[in-house]
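The residues making up each chain are set out below.
Number of protein chains: 2
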Amino acid sequence: MTAFDQIMAHQRQTEALGKVMERLGWDQETMMPEGAADQRGAEMAALEGVLHARRTDPRLGEWLAVAQAPDGPGARALDLIARSYARNVKVPADLAQKLAQVTSTAQGIWAAARAADDVAAFLPTLTEVIALRREEAACLAAGGDLYDALIDDYEPDSKAADLAAMFARMRPRLVALRAAVLDAPAPEPLTGHFPQAGQLALSRKMAEVFGYDFTRGRIDLAVHPFSSGGGDDSRITTRVAENDPFNCLYSTIHELGHSCYELAIDPAYNFTPLGHGVSMGVHESQSRIYENQIGRGAAFCEFLFGQMRAQFGEMNLKTARDFSRAVNRVHAGFIRTESDEVQYNLHIMMHFDLERALISGDLTSRDLESAWNDRFLRDFGVAVPRPSLGMLQDVHWSAGLFGYFPTYTLGNVYAGCLNAAMRRDLPNLDDHLARGDTAPATGWLRGKLQRHGGLRGAADTIEQACGFAPTEAPLLEYLEAKFTDLYAL
Amino acid sequence: MTAFDQIMAHQRQTEALGKVMERLGWDQETMMPEGAADQRGAEMAALEGVLHARRTDPRLGEWLAVAQAPDGPGARALDLIARSYARNVKVPADLAQKLAQVTSTAQGIWAAARAADDVAAFLPTLTEVIALRREEAACLAAGGDLYDALIDDYEPDSKAADLAAMFARMRPRLVALRAAVLDAPAPEPLTGHFPQAGQLALSRKMAEVFGYDFTRGRIDLAVHPFSSGGGDDSRITTRVAENDPFNCLYSTIHELGHSCYELAIDPAYNFTPLGHGVSMGVHESQSRIYENQIGRGAAFCEFLFGQMRAQFGEMNLKTARDFSRAVNRVHAGFIRTESDEVQYNLHIMMHFDLERALISGDLTSRDLESAWNDRFLRDFGVAVPRPSLGMLQDVHWSAGLFGYFPTYTLGNVYAGCLNAAMRRDLPNLDDHLARGDTAPATGWLRGKLQRHGGLRGAADTIEQACGFAPTEAPLLEYLEAKFTDLYAL
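Sequences listed follow chains A and B, in order. Following my numbering, the numbering of the first sequence begins with 512 at its first residue and continues without gaps. Following my numbering, the numbering of the second sequence begins with 512 at its first residue and continues without gaps.
Keep in mind that a hint or two might mislead.
It does not matter which identical chain is meant; a pair holds if it fits inside one copy or across any two.
As the list claims (entries may be wrong) - In silico DMTMM-like cross-links for lysine to aspartate or glutamate, where the CA-CA straight-line distance does not exceed 25 angstroms: (1) K601 <-> E646; (2) K716 <-> E545; (3) K959 <-> E753; (4) K993 <-> D885; (5) K829 <-> E753; (6) K716 <-> E639; (7) K829 <-> D568; (8) K993 <-> D833.
Derived from the structure by calculation, the hints contain no laboratory data.
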């Protein structure tokens, strides 16, 4: 066996064990009896130990030093494995272990603190998580920017300064759009009671409509919807609030975007680093374009309006147009995950600035609450009434996921580019979507982007699909056109 | 850390990864989308590789050479780890890998051959599996009996000669009982349609009645019922045939026996070799006593009769006595798993003799079909009409599980002993069971046996619980008394 073959064989086993870890995570959130939580923690820690040992295996270093890749996908795979190895050996094993352990218990402490609206109960843990991630970032950055080193785990090659510059360009137009929309008369919301069984039936229907392969996936309920796994086993979850069917429907469509991406990747890449979505931002572009540019578009809303009436009977909303306005309703609110297309990215910009300051050391965890509340008042014009609606709202920081938030907006930006290119290539797309025929759209995404998995870098993946380098412009134009129409601005 | 502490820390991780493997197996049979089968095979093979490496880790050998255990459970744990290590290092890695690979594909080939009633399609595979297991047994036996070496995987310390002697003592009385029962008028069977939802509701009720802890377990559907896992996560599965509710009910109660055993083990033993049922025979004693001595007893049938009427309304059986006779109906049939308490052990004796001859070399796989059919005609008085009702009926041999079958009868024998001792200690037990109160019975089993897990050897576990050394006599007396009454012999 050549060194390259040794590396790929080693990687194959590591990838297989990584899939096991994803399946354990899925089970934990969907099927696991509640009393098994501690035991599951021990199981996952043992498996994480195995994975860490494989990823930092000195033999891998020896093989990498001499390996020669064939041209094509093999070269890219080798590059990704080499990057991952270089990253992992920079972090001392005891620091990696400590981080895993602290962030695992931190999530429980955060959940209790949020439930009790008690910042003080979370502060010592948050302080420790930040300190550990800064220590890790220092190992990784080798004198460079700490936050950039952390972004690299989620969005390789992205730099904080570039993201900040892009956010600065987006901000004024989003603020102006938000102000105009909130000044206009609010559309009538959907009201009523929508039984769980009907919502789940519609959820399943959405999966069929978006071409989800049920022989390689399934839908279950979870508290927080997520997608999990790839290759031939990519599952999604959704949730049901009986007074708000859009929660279930659009959670489902969002997760379908993630899962269909994974299932569409060239099977030849399975068990290699190319067999996954290339970055969090590109992954989010798929969930967002399914959810927003397709799922919340006027054409698809026409189809969905009919589906809703068939499932639940007459609603308070009598026309597809009113239905579409309700689906896209912009409302004041404190919670990022509940916000709309207009305001979502403003939430992210705030999260980004605050966490960047936490990692650089310009902001301490002790001052985070007041910094959050000041900024929220400035950006959104309302005072945060309690920390569960403020700095305690997201799980990410307790899980140590600093550097993750900006990938959400990057996903939206990429979705904006893909939507513009797709509509350029498919001028009659809305005729199909209005009939619930997503095949031209999902086929375009599969062929142009999804099947390539991790073959190319994130920006290159988008550029190859669109035929132009990604910028924020298409997203902003899309949002301005859409909400100008919906709110008759 | 002392060598003993090193060993226990190493074992803890191995046990945790073993639990992960059980969870993957559960998912495969209950939740996994069908298209994920190959991928799951690769995942399990990767994890099996990790487990095998841990179990044969040379460091383990070095620690074992010098380790000193404290008195008590630690000494037993050390002994079990030492035995497992000694066993595993005797088998060359390439043989272990070959066996894992061949038996994994053999199960699919067997299933197809059974579906097609095609012995020839299975023979080459069966021949290979037997050859590999004989090769493995030769590594393990060091000149001793090959079949004994294989039994040791399932029932440590049991010897084929002792089992054969016990079976020879049991045989005449079982044959006589079978003849008398089949000569007597057959009871009226239960007939009708019993919808799945009602059967699953009763299944859940049975779990409650037997004290199953739903915070540490769950019930799902599977093609072949099984229980899976231990510690704080032990799940069961059941199946539904809408014309035969006893299939679902008694599958559930059987698996509850296995699962309640695991959940009752002293939590201090979790993640050690003491944290499992001690042997297949003792495990089966728990499933059998729940299913048969308790669940199919006249007293519990009284309770169940009421539950069935409450769930399904009037039945063709009008009295608890008729219901109990239908539950315990003895019928001619070819399939071991569908047979009754009277004939079950006769099936096992035949399986045992045939597989012992296959492993010793006295019987070749080519001659197995005629040997099976001759023996079945002699033992059961009817000719096997096709191999799916004969030598192709069980998955075990394709999975390489030679030496497993006798543990089923050993389980019945142990259940007979436990039942006698339990009724000696709890003279009013039936009054409780007739009301659906199993607490005295399950409490007795938990306290006397289940909580000890693997603390003692199998026979010792039964003797400590019963106060006498296990023999086949109590089982035979129980069966003769029960069926003499039910069939008015």
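We went through each hint and held it up to the structure:
In the homo-oligomer, the alpha carbons of K601 and E646 lie at most 25 angstroms apart inside one protomer (11 angstroms), although the nearest pairing across protomers, at 46 angstroms, exceeds that limit. In this homomeric assembly, K716 and E545 come within 25 angstroms of each other (Cα to Cα) only across copies, at 20 angstroms, whereas the closest approach inside a single copy is 30 angstroms. In this homomeric assembly, K959 and E753 never come within 25 angstroms of each other (Cα to Cα): the closest approach is 37 angstroms inside a single copy and 49 angstroms across copies. With identical chains, the CA atoms of K993 and D885 are never at most 25 angstroms apart, being 31 angstroms at best within one copy and 80 angstroms at best between copies.
Taking the closest pair of Cα atoms, K829 and E753 come within 25 angstroms of each other only inside a single copy of the chain (20 angstroms); across copies the shortest separation is 45 angstroms, beyond that limit. For a Cα distance limit of 25 angstroms, the shortest separation of K716 from E639 qualifies neither inside one copy, at 45 angstroms, nor across copies, at 47 angstroms. Taking the shortest Cα distances, K829 and D568 never come within 25 angstroms of each other, neither inside one copy (63 angstroms) nor across copies (70 angstroms). Taking CA atoms no more than 25 angstroms apart as the test, K993 paired with D833 passes inside one copy only; the shortest distance there is 14 angstroms, against 72 angstroms between copies.
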